[in-house]
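Novice: Residue-level listing of the chains:
Protein chains: 2
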Amino acid sequence: MTNDIATYIADVGRNARAASRIIGSASSARKSEALKRIAAAVDAARDNIRTENAKDMAAAEQHGIDQPLIDRLLLNDKGIDQMIEGLLQVDALREPVGEMSDFSYRPTGIQIGKMRVPLGVIAMIYESRPNVTVDAASLSLKSGNACILRGGSEAFHSNQAIAACVSQGLAAASLPEATVQLLNTTDRAAVGELLKLHEYVDVIVPRGGKGLIERISNESRIPVIKHLDGICHVYVDADADADMAVAIAYNSKVEKLAVCNAMETLLVHEAVADTVLRPLADQLVQAGIELRGCERAQAVVPMHAATQADWGEEYLGPILSIRVVDDMAAAIAHINRYGSQHTDVIVTENYTKSRAFIAQVDSASVMVNASTQFADGFEYGLGAEVGISTDKIHARGPVGLEGLTSQKYVVYGHGEIRHR
Amino acid sequence: MTNDIATYIADVGRNARAASRIIGSASSARKSEALKRIAAAVDAARDNIRTENAKDMAAAEQHGIDQPLIDRLLLNDKGIDQMIEGLLQVDALREPVGEMSDFSYRPTGIQIGKMRVPLGVIAMIYESRPNVTVDAASLSLKSGNACILRGGSEAFHSNQAIAACVSQGLAAASLPEATVQLLNTTDRAAVGELLKLHEYVDVIVPRGGKGLIERISNESRIPVIKHLDGICHVYVDADADADMAVAIAYNSKVEKLAVCNAMETLLVHEAVADTVLRPLADQLVQAGIELRGCERAQAVVPMHAATQADWGEEYLGPILSIRVVDDMAAAIAHINRYGSQHTDVIVTENYTKSRAFIAQVDSASVMVNASTQFADGFEYGLGAEVGISTDKIHARGPVGLEGLTSQKYVVYGHGEIRHR
Numbered sequence: 001m002t003n004d005i006a007t008y009i010a011d012v013g014r015n016a017r018a019a020s021r022i023i024g025s026a027s028s029a030r031k032s033e034a035l036k037r038i039a040a041a042v043d044a045a046r047d048n049i050r051t052e053n054a055k056d057m058a059a060a061e062q063h064g065i066d067q068p069l070i071d072r073l074l075l076n077d078k079g080i081d082q083m084i085e086g087l088l089q090v091d092a093l094r095e096p097v098g099e100m101s102d103f104s105y106r107p108t109g110i111q112i113g114k115m116r117v118p119l120g121v122i123a124m125i126y127e128s129r130p131n132v133t134v135d136a137a138s139l140s141l142k143s144g145n146a147c148i149l150r151g152g153s154e155a156f157h158s159n160q161a162i163a164a165c166v167s168q169g170l171a172a173a174s175l176p177e178a179t180v181q182l183l184n185t186t187d188r189a190a191v192g193e194l195l196k197l198h199e200y201v202d203v204i205v206p207r208g209g210k211g212l213i214e215r216i217s218n219e220s221r222i223p224v225i226k227h228l229d230g231i232c233h234v235y236v237d238a239d240a241d242a243d244m245a246v247a248i249a250y251n252s253k254v255e256k257l258a259v260c261n262a263m264e265t266l267l268v269h270e271a272v273a274d275t276v277l278r279p280l281a282d283q284l285v286q287a288g289i290e291l292r293g294c295e296r297a298q299a300v301v302p303m304h305a306a307t308q309a310d311w312g313e314e315y316l317g318p319i320l321s322i323r324v325v326d327d328m329a330a331a332i333a334h335i336n337r338y339g340s341q342h343t344d345v346i347v348t349e350n351y352t353k354s355r356a357f358i359a360q361v362d363s364a365s366v367m368v369n370a371s372t373q374f375a376d377g378f379e380y381g382l383g384a385e386v387g388i389s390t391d392k393i394h395a396r397g398p399v400g401l402e403g404l405t406s407q408k409y410v411v412y413g414h415g416e417i418r419h420r
Numbered sequence: 001m002t003n004d005i006a007t008y009i010a011d012v013g014r015n016a017r018a019a020s021r022i023i024g025s026a027s028s029a030r031k032s033e034a035l036k037r038i039a040a041a042v043d044a045a046r047d048n049i050r051t052e053n054a055k056d057m058a059a060a061e062q063h064g065i066d067q068p069l070i071d072r073l074l075l076n077d078k079g080i081d082q083m084i085e086g087l088l089q090v091d092a093l094r095e096p097v098g099e100m101s102d103f104s105y106r107p108t109g110i111q112i113g114k115m116r117v118p119l120g121v122i123a124m125i126y127e128s129r130p131n132v133t134v135d136a137a138s139l140s141l142k143s144g145n146a147c148i149l150r151g152g153s154e155a156f157h158s159n160q161a162i163a164a165c166v167s168q169g170l171a172a173a174s175l176p177e178a179t180v181q182l183l184n185t186t187d188r189a190a191v192g193e194l195l196k197l198h199e200y201v202d203v204i205v206p207r208g209g210k211g212l213i214e215r216i217s218n219e220s221r222i223p224v225i226k227h228l229d230g231i232c233h234v235y236v237d238a239d240a241d242a243d244m245a246v247a248i249a250y251n252s253k254v255e256k257l258a259v260c261n262a263m264e265t266l267l268v269h270e271a272v273a274d275t276v277l278r279p280l281a282d283q284l285v286q287a288g289i290e291l292r293g294c295e296r297a298q299a300v301v302p303m304h305a306a307t308q309a310d311w312g313e314e315y316l317g318p319i320l321s322i323r324v325v326d327d328m329a330a331a332i333a334h335i336n337r338y339g340s341q342h343t344d345v346i347v348t349e350n351y352t353k354s355r356a357f358i359a360q361v362d363s364a365s366v367m368v369n370a371s372t373q374f375a376d377g378f379e380y381g382l383g384a385e386v387g388i389s390t391d392k393i394h395a396r397g398p399v400g401l402e403g404l405t406s407q408k409y410v411v412y413g414h415g416e417i418r419h420r
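Respectively, the protein sequence lines represent chains A and B. In this text, residue positions in the first sequence follow the working numbering: the first is 1, and each later residue adds one. In this text, residue positions in the second sequence follow the working numbering: the first is 1, and each later residue adds one.
Honestly, I wouldn't trust all of these hints.
Treat identical chains as interchangeable: a pair holds within one or across any two.
What the hints assert, rightly or not - Straight-line alpha carbon distances no greater than 25 Å define the calculated DSS-like cross-link-like pairs of lysine-lysine that follow:
| hint | residue 1 | residue 2 |
| --- | --- | --- |
| 1 | 353 | 55 |
| 2 | 353 | 408 |
| 3 | 196 | 210 |
| 4 | 256 | 210 |
| 5 | 114 | 353 |
| 6 | 196 | 55 |
| 7 | 114 | 78 |
| 8 | 408 | 256 |
| 9 | 408 | 114 |
| 10 | 408 | 210 |
| 11 | 256 | 196 |
By construction, these hints were calculated from the structure, which means they are not laboratory data.
Construct the complete structure from the given sequences, taking the supplied hints into account.
Specialist: Okay, here's the thing in structure tokens:
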């Protein structure tokens, strides 16, 4: 069995590499054709997708899976509409492959610049949201990469139905079906085999539990674009507009709870702890959020005591930790110590502090006067995202087409030789 | 002993992380001051640097080290001048940290763009060229990173003398000396300990043998900017200018032999095998180069037979493999199969083929009508380089300031909240 899986995964890798050579030099028109054909195939397969999704939903309910996970699993007509719209949005993005920039002459006479190129083969391991299958496939295709997708077992039937549409669309556009390969097994041994494919896979994008991501970083020699915790902060400065601060903090937490860009810790300058914390706490408690505060926060509003562990916790649920700080420096120190370099916000009307916060907070997204919940590929105009990187090299923040490509150097000469 | 080393390396890591917070937000003026002060300190320490270098040279000769390695070890007044010039060149580069770009409004009202930021802490492990100490220190400093340097044991005394100048310059500019830390041991256990510092080190740049780089990739969870083989090709097309082809091929091989950007395999279109190969082979043989060719190459000029192993060999010396190919497609297939994605050249006057070669050769540097030996940070205008990446993610080709930084997202809001 394990041998069979090893053989299967090696075949998938080899086929992906071969397909990557073709998709990497496919014209923009052909890739556009494929994206449109996939969208049409999804539209035509609505009944089948819903039927297959119903199987996953039934199994999930039978296994007593949590309601939030079941909600994410559901693919109704609105969800299918969104997948189709996502495909057409990615199609409408500017072609990234072959983009040439920064050409200038050197004193030797050569002219040097850069060309954007695909990474090659991307392997993506993700949780049970079936729409990720389409997002990953479309971004990977548009950026000229082949991809290997390993979706969550709970969405197995839904993912297979969607992948069939992707294959149809690719074939209709005369592109190799191996451009996008969804694994046909949920055996965990398949992941182990994938991690060994450094010859065929250029980058792995894991989306899922911390355990999975750490396992991959530890086990594999393949570079990883990590999507780790989102321990996001909103810092309400002394010079904040109080109403705006309440609205941003409330939205950052409550708009959606189980997402990596939800606020997990609120930091409030002591000068405005009273004016901001009182009305905000009322609203949060009404929304069912449990508050856990430092001593000074508890002195303003009755709430549970936060422990040291709370500052490093990604709740992904209806809990918020709150800390009153002496000044912005203390807020930045807290964020850089306990945060996960994902997304952090300052609410302030002060110009100098807005600049300092942006410069000094070492996170993938740093915002002034906006909700943490905007940290998302669609909201950033990337069309979609394959994940939100908390790494520092290659790609930070939402990873779209640019994160799936790199740049090579191009040199135009006229017969120049080098004299050392 | 090993315990001592573990403690020492952990201290180095902790100090580097602390220094990175300071250097990361240091003003451009202060960093400029430091680079000028380091240059002055090197100038003032000429006698000491030469004395310490003489110790390394004597030890190397005593140990019977190869002449090319001894040549690279030597630091004479010209070498010291070049180090000083390198520091001032890096100082003159545009400030990379805080560079903001691509700001545009989204339909939601937020404005989003990118800011260039340091990676944090860079660990560099390199061979015995003492000038690398200054190149790495200056690029790392300018890009706002702290660095940990582990130089080759043969250059131990030279490196320590140079590092003392770096420390002096940092101190004179009121920057932490831990911004640049050269390890004070050549114990190999120190490398093992460095590889464990994923909490403190953001990226490792190994320059050295393949064994070292593979060990690091296998052992460490820290991202690596790999500098692997340079199996560089020159392809002489049917439409090449014959004189230019001979000059470029000769220079690509002979200008310097033991460098990663030297040509290792020459590919010649069969239509010009006669006209190009004959005069070129004469010149190469006169320069002491051993030729190893395929059957068709041997039919043009008498030479040794190339074996299959030759196509994947980085000679770094006076040997060249030569293959006659049917057409450009065969040349590209050969390069993508046997090359190391480092630097590859086409010599042609044909517009369409020049475009196709650039698009289809999957290497960090692709050149038309220029010598492979130009693939170098100085020649590309990067001021210097910490290495030449053969990776596909993050940085490809010569790695300068840009490769030592990444970009974070900055969002300017006006109180926007997200409605999902």
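Novice: Looking back at the hints listed earlier, which ones does the structure fail to meet?
Specialist: Going through the list in order, the structure violates hints 1, 6, 7, 11 and respects the others.
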